[in-house]
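Engineer: Below are the chains, spelled out letter by letter.
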Amino acid sequence: MRWYRWLAVVPAIGMLGGVPFANRVSPYVLGLPFLLFWVTAWVVLTSAIMWLIYALDRARERNAGGDRR
Amino acid sequence: MNPALLLIGACFVVALALGIRARRGHAMTLEQWTVGGRGFGTILVFVLMAGEIYTTFTFLGGSGWAYGKGAPAFYILCYGTLAYAMSYFLLPVVWRYANAHALVSQADFFVHKYGSEALGIIVSVVSVAAMIPYLVLQLKGLGIIVSESSAGAISAAQAVWTGSVVLVIYVVASGVRGSAWTAVLKDIMILGVALMLGIYLPARLHGGFGAMFAQIDRAHPGFLTLPRTGMSPAWFISTVVLTALGFYMWPHTFASCYTARDANVFRRNAVVMPLYQLVLLFVFFTGFAALLEVPGLTGTAVDLSLLRVTDHAFGPWILGVVGAAGLLTALVPGSMLLMSACTILSKNVYAKLVRRHVPEAQVTWLARALVPIVALLSVLLTLRGGSTLVLLLLAAYNVVTQLFPALILSLPHRPIVTRQGAIAGVLAGEATVVALTLTGATMGSLFPSWPPVITDLNVGIVAMVVNVVVLFAVSGLTGRRPTAPQTAP
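Protein chains in written order, with the working numbering: chain A, 1 to 69; chain B, 1 to 489.
Check the hints yourself; a few may be wrong.
As the list claims (entries may be wrong) - Facing chain B, according to a computed beta carbon distance under 7 Å, are these residues of chain A, among others: (1) W6; (2) P11; (3) I13; (4) L16; (5) V19; (6) A22; (7) V25; (8) V29; (9) L35; (10) F37; (11) V43; (12) W51; (13) L52.
Since the hints were derived computationally from the structure, they do not count as laboratory data. Quick reminder that beta carbons are idealized off the backbone N, C-alpha and C, glycines included.
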């Protein structure tokens, strides 16, 4: 079971699902209007989540030995 | 000759030299010409894929939409990011299968998976049809850059002709290795230019990002959020979803994943590439700064905003540097597009339609001979004009996204749908796209009495639904027969 791979749907849900609620100018975060901050934050989080999945996949593949290269 | 044009010309000479140099020492077989002999590692594949993605569209179109439309431009930041997350699972599967069967093009993939030459030809024609507007977009960008840099001395039409000659020379001379090295140069330049403009302009002219955005919000209330109707959150979400699905359906993007040495390359890229998207932020900042500095551009002229504000703030030398970076953002993806379109027409349409066994050398020859012809067609379409860069790309995406259902359903080992279903689905989807485009239909005009949440949706959804319904219906009717002589990947 590679349940953790389902984490990959989190960016889509967070980034897009949040848009109707994040569609506002204030508060400004890091100088960005809130909507722009929201999508930017999700770009960074997407990278982090994909890194986590990659790290877990690698660990698993090392444990499995020669199963997958 | 003014300094800006001088710099742009010098940049082209360097790009051409890199392209020709990269070619030396490699026999130019078709596989070598298009997929670089499958020997690229993480860095080159990364650069190559980034190269296709950071095009004139992001550079001029992204800033143009930030300038002209405001918040709806943020969709450009989202769809690539979600597509990369998807690529983690999609591309290794595609790569393993393509590698095991020595596939060269995207159409080959459909032919092998569904065991249908007819589907291969349909996919080829569809993908070339989608690539033409994308190529037109690059040429239009080239035209804008050259004519703006010459301060109007060279007309946009002359610039488009010059640009396409440049592109043809570049493609015929170098092939994909040329693209990879020029892509390295281009990425360094675009990164430098985007950061320079995106940080300097807001800081110097407006006292920082926050101050700039506050000023825009005062001058143009509602500009920094999505409107309640029209390009509303519903439009935003549906457009991001459709374009994210279409992202890897481009034949040149799909086939460039064949260049990887192993499947892990894609998984590492899926981690890194979203961060690379952040360059777009600075492109947006530039567009927003331009809105305050050089207001008044409307219609298709919004695509000029980045170059105008550069000229306004820095003068001709820096305009030359920015123009040179812009030249590369058109040249690299433009060459990939042109090369893919010609290879597809030669190998996957001509060779399949005309005769059974066309010698390899003849296919290669024809692919090269088609380069100027396809370029000419694109020039003629470019000169007809009329759309902003972003609208051109959205139109092209509607065409190419229709390949997604047939592709994704072909991936499992046991076939889910039949070849007849796949053919019917793609044809029905494309017919719907053509009908919607010709009639200029929107969700609002199709379903006038429905709530805005529905009427604001990207109309491409309709074509996608038609596609999937027909695909499953026809597969149901023709079902149970084995789809393809499935060989284990």
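Engineer: When the structure is checked against the list of hints, which entries are broken? Sort them ascending.
Structural biologist: Of the numbered hints, 1, 3, 6, 8, 10, 13 do not hold.
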